[in-house]
Amino acid sequence: MTRQTKKTPERRGGSGGLSEKRRFEQKGTCARMAAEFFAPLPSDSGHRFDEKRAAHLLRRTGFGASPAEIAACVERGLADAVDGLFQAPEDEAEKYARAFDVVNGGMLNFGDADTCRAWWLLRMVSTAAPFREKLALFWHGHFATSVDKVEDTRLMLCQLERFRRQAWGTFRDLVLAIAQDPAMLVWLDGESNTQEHPNENFARELMELFTVGIGHYTEQDVQEAARAFTGWHREAGAFVFHAEAHDAGVKRILGKSGRFNGGDVVNILVAQPETARFLAGKLLRFFATPQPAADVVAAAAELLDRTQLNIEWFLRDLFQSRYFYSDACYRQRIASPVEFVVGTVRTLGVRQPAPELAGNLAGMGQRLLSPPNVKGWDGEQEWVNSTTLAARAAFAETIAGLNAEGNALQPDCPIATRVSPEITAPDQVVERLAEVLFQGDLPAAVRQELAAFLVLGDDGPQPDAFRDDEGFRAAKTRDLLAVMLALPEYQAY
Amino acid sequence: MNMTRRNFIHAGLAGLPCISLAGTHARLFAEAAQAAAAADRNDHVLVVVELAGGNDGLNTLIPLENALYYNNRKTLAIAKQDAVRLNDAVGLHPSLAAMGELFKQGRLAIVQGVGYPNPDRSHFRSMEIWQTASIDKRPPAAGWLGRFLDRLPPAPDDRPSIPGLALTGELPQGMRAGKVSAPVVGQLDQFAGLEEGGQPRHQLRRKLGAASTPTADPVNFLRGQMRAAYRTADLLKDAAAKYKSPVEYPASGLGEQLKRAAQILSGNLGVRVVFASQDGYDTHAGQLEPHAALLSDLAAGLAAFDRDLTALGLADRVVVMTFSEFGRRVAENASGGTDHGAASCLFLQGAPVKGGCHGQYPSLAELDDGDLVFNTDFRRVYGALLAWLGCPATPVLGAEFAALELL
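In order, the protein sequence lines correspond to chains A and B.
Numbering follows this note's numbering, in which position 40 of the first sequence is assigned residue number 40; successive positions increment by one, without gaps.
Numbering follows this note's numbering, in which position 4 of the second sequence is assigned residue number 4; successive positions increment by one, without gaps.
Be aware that a few hints might be false.
[As the list claims (entries may be wrong)] Among chain B residues calculated to face chain A with C-beta under 7 Å, some are:
#1 90
#2 181
#3 194
#4 222
#5 228
#6 232
#7 317
[Claimed, not checked] Below, simulated EDC-like cross-link-like pairs (lysine to aspartate or glutamate); rule was C-alpha separation at most 20 Å, straight line:
#8 A:149 to B:339
#9 B:179 to A:380
#10 B:137 to A:200
#11 A:282 to A:191
#12 B:179 to A:382
#13 B:137 to A:148
#14 A:149 to A:173
#15 B:207 to A:458
#16 A:149 to B:120
#17 B:137 to A:191
#18 A:375 to B:136
#19 B:74 to B:289
#20 B:354 to B:289
#21 A:282 to A:264
No lab work stands behind these hints: they were computed from the structure.
We put the beta carbon where it would ideally sit given N, CA and C, even for glycine.
Kindly generate the complete structure, drawing on both the sequences and the hints.
Here it is as structure tokens:
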């Protein structure tokens, strides 16, 4: 009988045990991998930046777009379109406070969480810079803070503004800002973290969920880091440092020691290779694909590491990469409720009061400002169950039925905004909506079913009525839209 | 012989702990099989009613003879003669007269002094503790009811089944599960149009959405989930159509939820857990009237539910449990209200319960920072309910808790 020799598990991530030469070689391999994976989209005819790819870019970096916006994006070309993302205006806050008053015809009550949710949704629906809101949503899910515990909505809105302002800077600056963010100080009990009574809540989540990820630190590291953050408190809505509550002693964290404060801990953590890997995985899952392959994550981590965790530089490369437009990413995600709702409203160009949209989102399992816990929303398949699908179908019905009076179409109803009244052939109507919603990516068998449905009256197929009777055509087209928005293919984002 | 046997064990069962006692092994298998069979036969139903906001236990179950109660509650105390006297020591809030009747009939069990160690006064956190049955800082993702649902044997394919059902707007944390996806029917009309038949567009939506031709994910996954949604809608519609009852429920959110619960339970859909919720118990100011109204609604709803279950022939297999994330402080505040506290009481209602008061009324003299100190861990109540549901409690609760004799 042969005895099995125990295999030494290979070290992952950390390269402490490797010789300088090996480490250098490894880095070289990673760099090559990154160059390969994130090579730019070729300019040959097979990879043309067409409507499909432009719509993909606009979905992932925003919330879906109208045919005109997609056409304009194609016109600009990929490089220019990506440049445009990062030239968004920095602060639209005041404009939106006023806009909200107009929409709701009343005073803005920021003390109410539902109002704040609606206000954010209004911005997502109408902003000229959806990318900033999309990243704010990403960071809101990453540094998941809930108004249910924080209770003070002003603190939540300040945190949200921080996410907007620092949406695509360096990760280090954002982590530091969040460590001093009043909502976060309430959420993870930093405000009660003192030398006498250290509270580890923030230090633990900082390591486990915000930077290096579980398994890359010890309990000791958590306790020492908590000491470094003692005295990081808040007074009302502002960060304050209480020197008398701060533990100024020597701490030992991840192999380093010194009289560290919170800023030092942030610096130590973001310099760990595991942080680049952890963040790369999260960015890829949010922007590119639900289950990125291990080598893609490694390549992305390398890319992030090379840019010192500069979010803009990383995302610029990602959005212009061949990989981003490959089958591994294209329509591979499941739309989050926000993406589904805001995306539909933007794609169809309809108007719907933001508080109602917030209610729709709750039924689909996503209450903005109230992530289920500090891990944020699990997303993807977790969005989907009987109830949430029923809520999506109900939303599709609501949107398709908007601004319809009897059989007549009002000017801003979704059909009228997207299907010209001159289109009277059923297959062309289907074609047009398949273009608006799917950029043509809808199986032929499904189109046939849809076209057959369009002419179906009470007494069987009525193609003549569909062509000649505008009321009948409008009613059937509205029904068609309700069906199409509820298709599983439409939830694939 | 010996060598062979040892080799066999090493080769075949390496890694399994405690395999040396073949007898124990066999017994464990037999027990597991028995438990599975029992769980399969068991058709008991737990209806959980959440009293969200932190119900004031002191004004729910009043310590009639305790001077400290009257001292601490100068404006909020319920006068002794107004309370619904249950025994020499305690009485119910006057709004709970209907529950006093159930108490007399032995259909109401009251557990006193319920709580958990190191109570947390955050709604969010304390609710998380109750719903996950865990005081760990990082509680399991699945709730305690979800973990129970996950352990149920799968229903045979030909038998439609909705094991868990939430009547709230969103899936409560307690019902989050690993495998079982409990539908939320907070708005039953949300399912309207999903059931079979209906408008032509609904039929087409169903045909295209739930198509069974295999394709790649995520569309394939979404289709599977849509098929489940449509089936649920069919079952719920069917149950609603068949339900007939003369019982009148209060015209309130809770009344609606309980009526729907009876409706769905009468449909024999294999429901084992129902979750309902009544909000508004966070009575920081001007507590007297709103609290009386809440309890009155609660009592009317629960009494109607009890009558309905009896009429439907379901009373012998349904138990209702109320819970709240915490009680309130012993001393009232300056706004005629009470602030977040700790230990409180809860109700178990139904024919199967051992009626009466269980546990000890907490002392009003020995407080923890102004709060009542628990003497009965809430997981001892959960343990009793799980056993009654035919489920081993320890694996669900993650530790052993001596089950109370409540059922």
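Hints versus structure:
no.: 1; hint: 90; verdict: 34 Å, violated
no.: 2; hint: 181; verdict: 4 Å, holds
no.: 3; hint: 194; verdict: 6 Å, holds
no.: 4; hint: 222; verdict: 4 Å, holds
no.: 5; hint: 228; verdict: 6 Å, holds
no.: 6; hint: 232; verdict: 5 Å, holds
no.: 7; hint: 317; verdict: 25 Å, violated
no.: 8; hint: A:149 to B:339; verdict: 16 Å, holds
no.: 9; hint: B:179 to A:380; verdict: 16 Å, holds
no.: 10; hint: B:137 to A:200; verdict: 11 Å, holds
no.: 11; hint: A:282 to A:191; verdict: 28 Å, violated
no.: 12; hint: B:179 to A:382; verdict: 11 Å, holds
no.: 13; hint: B:137 to A:148; verdict: 17 Å, holds
no.: 14; hint: A:149 to A:173; verdict: 25 Å, violated
no.: 15; hint: B:207 to A:458; verdict: 19 Å, holds
no.: 16; hint: A:149 to B:120; verdict: 12 Å, holds
no.: 17; hint: B:137 to A:191; verdict: 18 Å, holds
no.: 18; hint: A:375 to B:136; verdict: 15 Å, holds
no.: 19; hint: B:74 to B:289; verdict: 15 Å, holds
no.: 20; hint: B:354 to B:289; verdict: 32 Å, violated
no.: 21; hint: A:282 to A:264; verdict: 24 Å, violated
Taken one by one, the earlier hints fail for this structure at numbers 1, 7, 11, 14, 20, 21, listed in ascending order.
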